[in-house]
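Asks: Once you've looked at the hints, dock chain B against the given chain A.
Protein chains in written order, with the UniProt record's numbering: chain A, 1 to 351; chain B, 1 to 259.
Among the hints, erroneous ones may be present.
From the derived model, a few chain A residues whose C-beta atoms are all more than 12 Å from chain B [said to hold, decoys possible]: (1) SER8; (2) LEU24; (3) ALA49; (4) GLN69; (5) SER165; (6) THR208; (7) TRP209; (8) GLY213; (9) ALA216; (10) VAL248; (11) LEU253; (12) MET325; (13) ALA336; (14) PHE339.
Covered stretches of chain A (in silico footprint by chain B; criterion: 3 or more residues with CB under 8 Å from a CB of chain B, positions within the stretch not fixed) [to be verified]: (15) 73-82; (16) 171-183; (17) 290-298.
Please keep in mind that the hints were generated in silico from the structure rather than gathered at the bench.
Ideal placement from N, C-alpha and C gives every residue a C-beta, glycine not left out.
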Amino acid sequence: MQRTATRSPHAVSGPGYVVLLAGLAVALVLSIAFAIGTGTVDVPVGRVAGIIWGHLAGETAGLDPLSNQIVWDFRTPRVLLAALAGGGLSLAGVCLQALVRNPLADPYLFGVSAGASLGAVIAMTTGGVLVAGLGVAGAAFAGSSVSLAIVFVMAQRGGRLLGSSLVLAGVAVASLGNAATSYVQLQASPTELRRVMFWILGSVSGATWDQLGVPALAIALTAAWLLTQGRSMNALSVGDDTAAGLGVNVHQLRILLLVASSLLTATVVSVAGGIGFVGLIVPHAVRLVVGPDQRKVLPVSLLAGAVFLVLVDLVTRTIDKPNEMPIGIFTAALGAPFFLMLLRNRKKVWR
Amino acid sequence: MKVVADGVRVRIGDAVILERADFEAESGRITGIIGPNGSGKSTLLRCLYRALKPTAGNVYIGPDDVWRSSARQAGLRTAVVAQDHDLDNDYSVLEVVTMGRNPHKRVLDRETGSDRRIVDNALDRVRMRWASDRIFATLSGGERQRVLVARALTQQAPVLLLDEPTNHLDVGAQLELLDLVRDLELTTVAALHDLDHATTYCDRLILVHDGQVVTSGPPDEVLTPERVAKVFGVESAIVPHPLTGRPHFVTASRVTTPR
Chain A
1 MQRTATRSPH AVSGPGYVVL LAGLAVALVL SIAFAIGTGT VDVPVGRVAG
51 IIWGHLAGET AGLDPLSNQI VWDFRTPRVL LAALAGGGLS LAGVCLQALV
101 RNPLADPYLF GVSAGASLGA VIAMTTGGVL VAGLGVAGAA FAGSSVSLAI
151 VFVMAQRGGR LLGSSLVLAG VAVASLGNAA TSYVQLQASP TELRRVMFWI
201 LGSVSGATWD QLGVPALAIA LTAAWLLTQG RSMNALSVGD DTAAGLGVNV
251 HQLRILLLVA SSLLTATVVS VAGGIGFVGL IVPHAVRLVV GPDQRKVLPV
301 SLLAGAVFLV LVDLVTRTID KPNEMPIGIF TAALGAPFFL MLLRNRKKVW
351 R
Chain B
1 MKVVADGVRV RIGDAVILER ADFEAESGRI TGIIGPNGSG KSTLLRCLYR
51 ALKPTAGNVY IGPDDVWRSS ARQAGLRTAV VAQDHDLDND YSVLEVVTMG
101 RNPHKRVLDR ETGSDRRIVD NALDRVRMRW ASDRIFATLS GGERQRVLVA
151 RALTQQAPVL LLDEPTNHLD VGAQLELLDL VRDLELTTVA ALHDLDHATT
201 YCDRLILVHD GQVVTSGPPD EVLTPERVAK VFGVESAIVP HPLTGRPHFV
251 TASRVTTPR
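So here's chain B without its partners, still in its complex pose:
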């Protein structure tokens, strides 16, 4: 299922956070949204799933306008791993993952055996079934993110949205999570911080800078040394990885005349 942003514009008060953002995320591929801090990449991602209503423009998931369908409908099409998970409560892992069934349920429905199977399968898929009865907040950062991916899986939505999913994780947990996401083979849109992760895991990148979509395309076409110097202010290159031979994004020093 394709994800399309068409002229998305976000203003908060007088400040323009995002200006006429257009992009397309292809079905079954991983699309990365990259850009410096405060560039608008999280804002763009939040527009894709009814967390933030654009001031102008439209977002389509498949044929449907996200803001014209109901909240529940949106929950059936997009599953989200957001950044705001509150830890000041004692939900068990099972309770957290079961929340993924919410959009499938009417108000007074109870969870059935088939819901429980979907939850268990999702936990197996992220190798967290052992933690079903643990308190979510007591898990490590990497384990928590995997549980949230399991919750997204129980939504059984064709589109997966990830908002900086590797934030605060150690390097092993980062790669484990991204490998997991790649193996899901869903239509995925992820706001990412790490440009090497973006190069390694994404099929296409969307570069956002100062609230504008600068360019989009395959990683090696987007992350040219000139563009990286201009947007991020660092020297960079894409080189074959010494171990795998695959393209690998590396940085050198700060360039002296940034932006």
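One chain only, chain A, in its complex shape:
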């Protein structure tokens, strides 16, 4: 096609990007409000707003007790957890994709989630023999870091990462993690078993307010750091040698991104279990809209991921009322065909 290009080749750029960011922020607030009001029992948006305002202002005396319990005690923490998990997993995806220079990277596919689940499940069932003092979240972080490190070491030859080896190593580590989790599961008591299943399928149901603080803080801090690294991540996503030539400390950046993606994944897994493919779908869709510049991809993915998982969670609990489906089943049902489609449409053959 021979024509003179006169504007950015990306769908959204310049002032449009600011509008997109603002629009997503509004969409997030609206989808959270809508999701809180919708469920087995619907609560009108006006009343939802009244209840939340009441709690924020410290005036809860006049609220309808039933609506208050549904909205404030059950649904608000659940919807906020879905938003946190969606945003966190999307950022983890962006991080991994820059790290391995492959748009098909996802914490779930690379065995990071399996490692985190294994850590968490061991912590819950053995009651601290192996993981004394770490707690469930700490054990999940240890598990995810170890599994990611294994994938990295296995896929490296002379300081360079091979795309196909990465995926295969990820699959192997994920299988190993899942097998080990199954073994631990067999050793678990029936009460432990119910909790273990939760990690494997992934769920934001049963979220409580006191679960939200740590993940919110961890995701906020990691996101804040990541947003300062966009320029270096751009260079890295083009090539290790190129990045070194552009003044990036490649070795150090890789390690920090590794820690960031483990931290994000472990944080989400420790409160919401193994939710797959969010880190794949959201950043990919975002790149189609704003292009590959990480300084745009990171904030947009954070917001879009939050909106996405809030809406998916809403579907899982309204599609077959009053029954609920585990959220991980839904994201996999959406994500696996998406992954296959990406695989088919790839411009370049894997080396």
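Replies: Frame of chain A; chain B shown alone:
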């Protein structure tokens, strides 16, 4: 700004890739690193810009040790056209060239109008301004290399390093790129495959063979028929070019007893 390698040694596991490489690239000149495949020429080049840390020895750009200064400092002194540019992404030409400003920027700085002017000037210099809003990966090989040279120019570094810059280019694009590099008049070190290009465009050559610097000097002194036969296993001569009258490297047949 001078580039000096002092006793550079690279080992990966038990294999010695480069053994005690010494050389000096003079300021404002083009220095070519030549040698057969696997001789260590890319390895030597990668040691010059923090892509590969030597097991022993030092590399100096001007007065400063490359591995003692920060990564960002190195990015201000050397600009690189490497071989590893990934094409599995949709960066526009403008985005690719703007990356050259990275070492000049603090983490939260935004690109300013003056950055944009530097980028536009660099694109003008390589005659690729028309492609600013194209997707980099959709350009031809020769156009891509020129864009990468533009990115190197926006780094405004005194030293330019090129890793086999003419690989995969057709002959017209090869000469266009090398003419461009010569006209930049920067201190340039290039790993080159084509010995005639090395003869025509370089002021000095460094011949690497089996991980050792065999010799260095002006092209006609380095590429003697005996040495070329020994290192590359081909018969060769340097003759006046029939059109230009300048020295021209030509090969005949494979010699029967190589190496």
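Asks: All the hints need checking, so say for each whether the structure fits it.
Replies: Hints, verified against the model:
{"no.": "1", "hint": "SER8", "result": "violated (6 Å)"}
{"no.": "2", "hint": "LEU24", "result": "holds (21 Å)"}
{"no.": "3", "hint": "ALA49", "result": "holds (35 Å)"}
{"no.": "4", "hint": "GLN69", "result": "holds (44 Å)"}
{"no.": "5", "hint": "SER165", "result": "holds (16 Å)"}
{"no.": "6", "hint": "THR208", "result": "holds (36 Å)"}
{"no.": "7", "hint": "TRP209", "result": "holds (33 Å)"}
{"no.": "8", "hint": "GLY213", "result": "holds (27 Å)"}
{"no.": "9", "hint": "ALA216", "result": "holds (23 Å)"}
{"no.": "10", "hint": "VAL248", "result": "violated (6 Å)"}
{"no.": "11", "hint": "LEU253", "result": "violated (9 Å)"}
{"no.": "12", "hint": "MET325", "result": "holds (35 Å)"}
{"no.": "13", "hint": "ALA336", "result": "holds (21 Å)"}
{"no.": "14", "hint": "PHE339", "result": "holds (16 Å)"}
{"no.": "15", "hint": "73-82", "result": "violated (count 0)"}
{"no.": "16", "hint": "171-183", "result": "violated (count 0)"}
{"no.": "17", "hint": "290-298", "result": "holds (count 3)"}
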